[in-house]
Amino acid sequence: GENVEQHPSTLSVQEGDSAVIKCTYSDSASNYFPWYKQELGKRPQLIIDIRSNVGEKKDQRIAVTLNKTAKHFSLHITETQPEDSAVYFCAASMGSSYKLIFGSGTRLLVRP
Amino acid sequence: DAGVTQSPTHLIKTRGQQVTLRCSPKSGHDTVSWYQQALGQGPQFIFQYYEEEERQRGNFPDRFSGHQFPNYSSELNVNALLLGDSALYLCASSPGIPTGELFFGEGSRLTVL
Chain A
1 GENVEQHPST LSVQEGDSAV IKCTYSDSAS NYFPWYKQEL GKRPQLIIDI
51 RSNVGEKKDQ RIAVTLNKTA KHFSLHITET QPEDSAVYFC AASMGSSYKL
101 IFGSGTRLLV RP
Chain B
1001 DAGVTQSPTH LIKTRGQQVT LRCSPKSGHD TVSWYQQALG QGPQFIFQYY
1051 EEEERQRGNF PDRFSGHQFP NYSSELNVNA LLLGDSALYL CASSPGIPTG
1101 ELFFGEGSRL TVL
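Residue numbers (our numbering), protein chains in the order written: chain A, 1 to 112; chain B, 1001 to 1113.
Among the clues, some could well be false.
[Said to hold, decoys possible] Beta-carbon label-pair distances, calculated as ranges:
1. A:D17 <-> B:E1053: 40 to 50 Å
2. B:E1101 <-> A:H72: 31 to 41 Å
3. B:L1083 <-> A:A70: 36 to 46 Å
No lab work stands behind these hints: they were computed from the structure.
The structure presented is a predicted model; accordingly, all values stated were derived computationally and were not measured.
From the three backbone atoms N, C-alpha and C, an ideal C-beta is built for every residue, glycine too.
Go ahead and model the full structure; you've got the sequences and the hints to work with.
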């Protein structure tokens, strides 16, 4: 069935280092891949997204890459800051489906 | 712009009871989706409403039902509550374009005792 796997489940980095979170999806018809950041007790907020006709997208310190052949997509955060600490979720939209399938989340801790 | 608003923010119910959660979408949005987020998990799609009809449904039992009103607001109803229904229920709105960005509310945290 439809599935999105996300790794790692927890990630601890030193402030200023880079962080990479990886996701794989099962349905090759997927064409939309957003990333959400959820701080404790808060709503998930979209931080970046990519569509299947693009291989990479960047927004300041955040970038997302997509490998359609391998059905992988990754979130890259450079120059991490303590305020980047949160849970990050990847998601995929399967073809013409209206629903997002979310990964299980990565808890990122940026140590000062 | 108030964004997506949900009520109540927290509630406690006992097994077998029924609950109704409410959501007002972001201004200009006509589509509402509901997700269940268990502790430590990613959100799981329950269903989506558009033009007052259920457009798509996830893998949830019939105990979960919903409604959308002419002003695009929505309700999620859960009957015969089970302990496993304890979760954060998130409402998300979008402008109706498939696979477009979802704007989430802060959620309603349901505890079933």
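Can you tell me whether the CB distance of D17 (chain A) to E1053 (chain B) sits inside 40 to 50 Å? 48 Å, holds
36 to 46 Å was suggested as the range; check whether the CB atoms of L1083 (chain B) and A70 (chain A) agree with it. 40 Å, holds
Taking the CB of E1101 (chain B) and the CB of H72 (chain A), does the distance hold inside 31 to 41 Å? 22 Å, violated
In this structure, the one hint that does not hold is number 2.
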